[in-house]
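First to last, the sequence lines map onto chains V and R.
Residue numbers for the first sequence, in my numbering: 1 to 308.
Residue numbers for the second sequence, in my numbering: 1 to 308.
Where hints are given, some of them may not hold.
Claimed, not checked - Pair by pair, the computed Cβ-Cβ distance ranges are:
| hint | chain 1 | residue 1 | chain 2 | residue 2 | range |
| --- | --- | --- | --- | --- | --- |
| 1 | R | Gly227 | V | Ser2 | 24 to 32 Å |
| 2 | R | Arg231 | V | Gly33 | 33 to 41 Å |
| 3 | V | Val161 | R | Arg34 | 32 to 40 Å |
| 4 | V | Pro257 | R | Ala288 | 23 to 31 Å |
As the list claims (entries may be wrong) - Think about it this way: if two alpha-carbon atoms lie no more than 20 Å apart in a straight line, the pair counts; the simulated EDC-like pairs of lysine to aspartate or glutamate are:
| hint | chain 1 | residue 1 | chain 2 | residue 2 |
| --- | --- | --- | --- | --- |
| 5 | V | Lys232 | R | Glu256 |
| 6 | R | Lys232 | V | Asp92 |
| 7 | V | Lys232 | R | Glu290 |
| 8 | R | Lys286 | R | Asp267 |
Unchecked claim - Beyond 12 Å from chain V on every Cβ pair, some chain R residues (computed):
| hint | residue |
| --- | --- |
| 9 | Arg50 |
| 10 | Ile54 |
| 11 | Val57 |
| 12 | Ala59 |
| 13 | Pro136 |
| 14 | Val161 |
| 15 | Asn275 |
What the hints contain is simulated information worked out from the structure, not anything from laboratory work.
The beta carbon of each residue, even a glycine, is placed where N, CA and C say it ideally should be.
There are 2 protein chains.
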Amino acid sequence: MSIETVVKSPTKTVVIGPDRPFVIIGERINPTGRKKLAAEMLAGDFSRVRNDAIAQVQAGAQILDVNAGLGVANPHEIEPEVMKEAIRVVQDVVDVPISIDSSVVPALKAGLEVAQGKPIVNSVTGEEERMEAVFPLVAEYGAVVIAISNDESGISYDPDVRFAVAKRIVERAEAYGIPREDVLVDPLVMPAGAVQGAGKQVFDIVRRVREELGCNTVCGASNVSFGLPNRKAVNAYFVSMLIAAGMPCAITNPLEPAILEAIRAADMLMGHDENCTNWILLQRQKAAAEGGESAEARPARRRRSRRA
Amino acid sequence: MSIETVVKSPTKTVVIGPDRPFVIIGERINPTGRKKLAAEMLAGDFSRVRNDAIAQVQAGAQILDVNAGLGVANPHEIEPEVMKEAIRVVQDVVDVPISIDSSVVPALKAGLEVAQGKPIVNSVTGEEERMEAVFPLVAEYGAVVIAISNDESGISYDPDVRFAVAKRIVERAEAYGIPREDVLVDPLVMPAGAVQGAGKQVFDIVRRVREELGCNTVCGASNVSFGLPNRKAVNAYFVSMLIAAGMPCAITNPLEPAILEAIRAADMLMGHDENCTNWILLQRQKAAAEGGESAEARPARRRRSRRA
Numbered sequence: 001m002s003i004e005t006v007v008k009s010p011t012k013t014v015v016i017g018p019d020r021p022f023v024i025i026g027e028r029i030n031p032t033g034r035k036k037l038a039a040e041m042l043a044g045d046f047s048r049v050r051n052d053a054i055a056q057v058q059a060g061a062q063i064l065d066v067n068a069g070l071g072v073a074n075p076h077e078i079e080p081e082v083m084k085e086a087i088r089v090v091q092d093v094v095d096v097p098i099s100i101d102s103s104v105v106p107a108l109k110a111g112l113e114v115a116q117g118k119p120i121v122n123s124v125t126g127e128e129e130r131m132e133a134v135f136p137l138v139a140e141y142g143a144v145v146i147a148i149s150n151d152e153s154g155i156s157y158d159p160d161v162r163f164a165v166a167k168r169i170v171e172r173a174e175a176y177g178i179p180r181e182d183v184l185v186d187p188l189v190m191p192a193g194a195v196q197g198a199g200k201q202v203f204d205i206v207r208r209v210r211e212e213l214g215c216n217t218v219c220g221a222s223n224v225s226f227g228l229p230n231r232k233a234v235n236a237y238f239v240s241m242l243i244a245a246g247m248p249c250a251i252t253n254p255l256e257p258a259i260l261e262a263i264r265a266a267d268m269l270m271g272h273d274e275n276c277t278n279w280i281l282l283q284r285q286k287a288a289a290e291g292g293e294s295a296e297a298r299p300a301r302r303r304r305s306r307r308a
Numbered sequence: 001m002s003i004e005t006v007v008k009s010p011t012k013t014v015v016i017g018p019d020r021p022f023v024i025i026g027e028r029i030n031p032t033g034r035k036k037l038a039a040e041m042l043a044g045d046f047s048r049v050r051n052d053a054i055a056q057v058q059a060g061a062q063i064l065d066v067n068a069g070l071g072v073a074n075p076h077e078i079e080p081e082v083m084k085e086a087i088r089v090v091q092d093v094v095d096v097p098i099s100i101d102s103s104v105v106p107a108l109k110a111g112l113e114v115a116q117g118k119p120i121v122n123s124v125t126g127e128e129e130r131m132e133a134v135f136p137l138v139a140e141y142g143a144v145v146i147a148i149s150n151d152e153s154g155i156s157y158d159p160d161v162r163f164a165v166a167k168r169i170v171e172r173a174e175a176y177g178i179p180r181e182d183v184l185v186d187p188l189v190m191p192a193g194a195v196q197g198a199g200k201q202v203f204d205i206v207r208r209v210r211e212e213l214g215c216n217t218v219c220g221a222s223n224v225s226f227g228l229p230n231r232k233a234v235n236a237y238f239v240s241m242l243i244a245a246g247m248p249c250a251i252t253n254p255l256e257p258a259i260l261e262a263i264r265a266a267d268m269l270m271g272h273d274e275n276c277t278n279w280i281l282l283q284r285q286k287a288a289a290e291g292g293e294s295a296e297a298r299p300a301r302r303r304r305s306r307r308a
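Assemble the whole structure, with the sequences as input and the hints as a guide.
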């Protein structure tokens, strides 16, 4: 059974599904933890947003997540306008679907007003109040929604509880007329350093959500490595294992070479890279970039001897 | 359902199973494609065998594969004695179970005569003649056997055919009194550059073999990257995905840093590395090794400023 989730920009259609190449939802346009970006966005300077949009799409992002969480005291007043402007700027420079990322419902609504095509609403949880506020918007705009598997009781360490919450959200969405293929379940990734087998939990939920709920899945992968040494490597192997488990997309950073390499390798091994074209291309780009760097860094004689 | 395959050296017991840490069967003691090693072994010089044994166990191999394929014209006369001597040498310097690796039945028999504990016989295929020759030996010595899923008709590109061959081998083994937990099925890894979705094929067979046949699986992972650029990265991601699919062991090279890192990361993510001990240890060893290298390579002042 292959479930396909369709998102759209004005001219591009991106199909998310386990029998398709993995879809990268670029995570960089997010001022949380990026103080400089937050200050710029608040001051109306969206140049970094513009550059991050272009760079991520060039690197392979097929959808861009746009978050306008500025950490201000009055987010309900400030963030809707910032969200609108950020999405407009992104849509000005790249033609990819948007994932509207906010915990502030008016910011989600503002994003839906300006996002062209069929965007993603990121996110709803199993909390009653959230579902009642978010689902009507998702239904009205015909959007895709990310369902995060926590509720009023918090985030459970028990994967069975997280699956049960996901099930409840999917069923509630259906009652609002949102079909299962338009719900991307986020099984919530725990840090492997705190929860033994955090990865395995996610692989199991991904399979259950696909087989029992008929939904695709998504996650922010990098939480898994929180507190561990060599986080980049952990994240990269985790992504390849998520792909083996059948997760069809993730919110991640395509500008991180290890992540991109993991995705391209896993896609190829899953049979989603005809003639290994993307893998070979990535390796050529890497070789070219390394050659380019060394051309600057090394004297000509050493360069020649290296190539001999 | 957790199937456990037990192998033994004189004093060590290694348990192979999907709910256990991944078991590395060190592949280095194999003269195929190592001309120097072949010549030495033929001349009775086993110093490299000894060193390879020690190095692989230090790096994390829990079982050592010993192959005595010298490419000689009369293997049935030469290889049994070479196999015996190689195993004796290995058992002299390390205390790990042995995987006796040969396509020459008398060499398998010779290996069984000297291997202590409960070794692995590598391998039998679905060819009638092979099964009739190998199974009585495996049953007599109470060994574990690797069942390679090809037969008289060759290696099928169709994973369903390979599964069917594996099923037939497992059933025949049972008729010889060899229990299912003592058969490690090798689903045969095709090159991803030649067979689109070669990885996915293996992940699916691994699951079917576990669920439908009740057997553990093993493979030589590196064939997947044949002909592709950056084989080391492909192999490493493939191993992590194999672990996600539930393969509990592989014949591979623990001296290859990317492979070892992939295994340690995947083990941790599967919940088979309590407190992330092995992952953290590996990263410390890496940092120490890099520190050691730079101590030699860089002048003292730069080293200090790096550490500031």
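Hint by hint, here is what the structure shows:
no.: 1; hint: Gly227/R with Ser2/V: 24 to 32 Å; verdict: holds (29 Å)
no.: 2; hint: Arg231/R with Gly33/V: 33 to 41 Å; verdict: holds (37 Å)
no.: 3; hint: Val161/V with Arg34/R: 32 to 40 Å; verdict: violated (53 Å)
no.: 4; hint: Pro257/V with Ala288/R: 23 to 31 Å; verdict: holds (24 Å)
no.: 5; hint: Lys232/V with Glu256/R; verdict: holds (19 Å)
no.: 6; hint: Lys232/R with Asp92/V; verdict: violated (40 Å)
no.: 7; hint: Lys232/V with Glu290/R; verdict: holds (17 Å)
no.: 8; hint: Lys286/R with Asp267/R; verdict: holds (18 Å)
no.: 9; hint: Arg50; verdict: holds (32 Å)
no.: 10; hint: Ile54; verdict: holds (27 Å)
no.: 11; hint: Val57; verdict: holds (24 Å)
no.: 12; hint: Ala59; verdict: holds (17 Å)
no.: 13; hint: Pro136; verdict: holds (38 Å)
no.: 14; hint: Val161; verdict: holds (17 Å)
no.: 15; hint: Asn275; verdict: violated (8 Å)
When held up to the earlier numbered hints, the structure conflicts with 3, 6, 15 and fits the remainder.
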